[in-house]
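Q: Chain by chain, the residues run as shown.
2 protein chains.
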Amino acid sequence: MGIDAQLNKGVLEGCVLKLLEREFLFSGEIVERMRANGFADFSEGTLYPMLLRLEKEGCFEIKRVPSPNSPPKKYYKLSAAGRKRLEIFTRQWRALAQCIGNLFSGEDGNA
Amino acid sequence: MGIDAQLNKGVLEGCVLKLLEREFLFSGEIVERMRANGFADFSEGTLYPMLLRLEKEGCFEIKRVPSPNSPPKKYYKLSAAGRKRLEIFTRQWRALAQCIGNLFSGEDGNA
DNA sequence: GTCAGTTCCTTGCATAACAATGAACTAAGG
DNA sequence: CCTTAGTTCATTGTTATGCAAGGAACTGAC
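Protein chains in written order, with this note's numbering: chain S, 1 to 111; chain U, 1 to 111.
Just so you know, the hints here were simulated from the structure itself, not pulled from any lab data. Do not rely on the hints blindly, as some may be mistaken.
Because identical chains cannot be distinguished in the list, a pair is counted as satisfied if it fits within a single copy or across any two copies.
[Said to hold, decoys possible] Heads up, simulated DSBU-like pairs for lysine-lysine below, C-alpha to C-alpha not over 30 Å straight-line:
#1 LYS84 x LYS9
#2 LYS77 x LYS9
#3 LYS73 x LYS63
#4 LYS73 x LYS18
#5 LYS84 x LYS18
#6 LYS56 x LYS9
Generate coordinates for the entire structure from the input sequences, incorporating the hints supplied.
A: Structure follows, in structure tokens:
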């Protein structure tokens, strides 16, 4: 099996999933949290397609809340499917981090 | 600045650069080492475009060695530019790993 | 009804990962 | 000399993420 190569690209998705594990958040809050956590350039152009993709796969519980100065805000939180996906990401990330850790600290990749 | 988003895709490249830091290796050996290090599905279809890309950017010192049963083997090892690129990757990887580490262990991303 | 502010969404481009395929070089056998 | 087999090198095309840019929709103020 090895590392799912898709993981190489899916890091941002994994982090967003993590943010929505226990809390309802809407887009503005997600962007804010991501930036505060070191993903300084994280943008809505990345977020919205991601949210729609995950929504289509049933990863969210969604709540629409009227807003005083805008269209209703769309709040997201993980569903059971979403938690499963987060779990898979977490496993994959640990595996990847270990592979790279091995390669970079010590034996230079010799078997 | 934050994390270079390109890093999300460039993990395999970083690992290949690491393998070639101090040693001349040709394609077959690179694939073998990558697989032995946990990237079990690593393939030549990924490797060759990567090597050509990096070669164009001057990241390699290259040695061609005749082979008894094939076209001459092409051995790669990092040039000064290659080592610089590896260094950048290493920094970026550490930053990314720390961001994710923060997010996943403990405070759930609250600021 | 128009305007400003905020939120939501779509479109299009760049690039890495990867499968699939083919070209090039050598040695061996007919 | 031609073909075949084995190995290495390279190209093409598809898919998916990241992201910039731009647009649509809803609300309150004037």
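Q: So, for every hint listed, does it hold in this structure?
A: Against the structure, the hints:
1. In this assembly of identical chains, LYS84 and LYS9 lie within 30 Å of each other by CA distance both inside one copy and across copies; the values are 18 Å within and 23 Å between.
2. For a Cα distance limit of 30 Å, the shortest separation of LYS77 from LYS9 qualifies both inside one copy, at 22 Å, and across copies, at 27 Å.
3. In this assembly of identical chains, LYS73 and LYS63 lie within 30 Å of each other by CA distance solely inside one copy; the values are 8 Å within and 60 Å between copies.
4. Taking CA atoms no more than 30 Å apart as the test, LYS73 paired with LYS18 passes inside one copy only; the shortest distance there is 20 Å, against 46 Å between copies.
5. When the C-alpha separation of LYS84 and LYS18 is checked against a cutoff of 30 Å, the pair qualifies only within one copy, where the shortest distance is 11 Å, while the shortest distance between copies is 33 Å.
6. Taking the shortest alpha-carbon separations for LYS56 and LYS9, both the intra-copy value of 19 Å and the inter-copy value of 24 Å come in at or below 30 Å.
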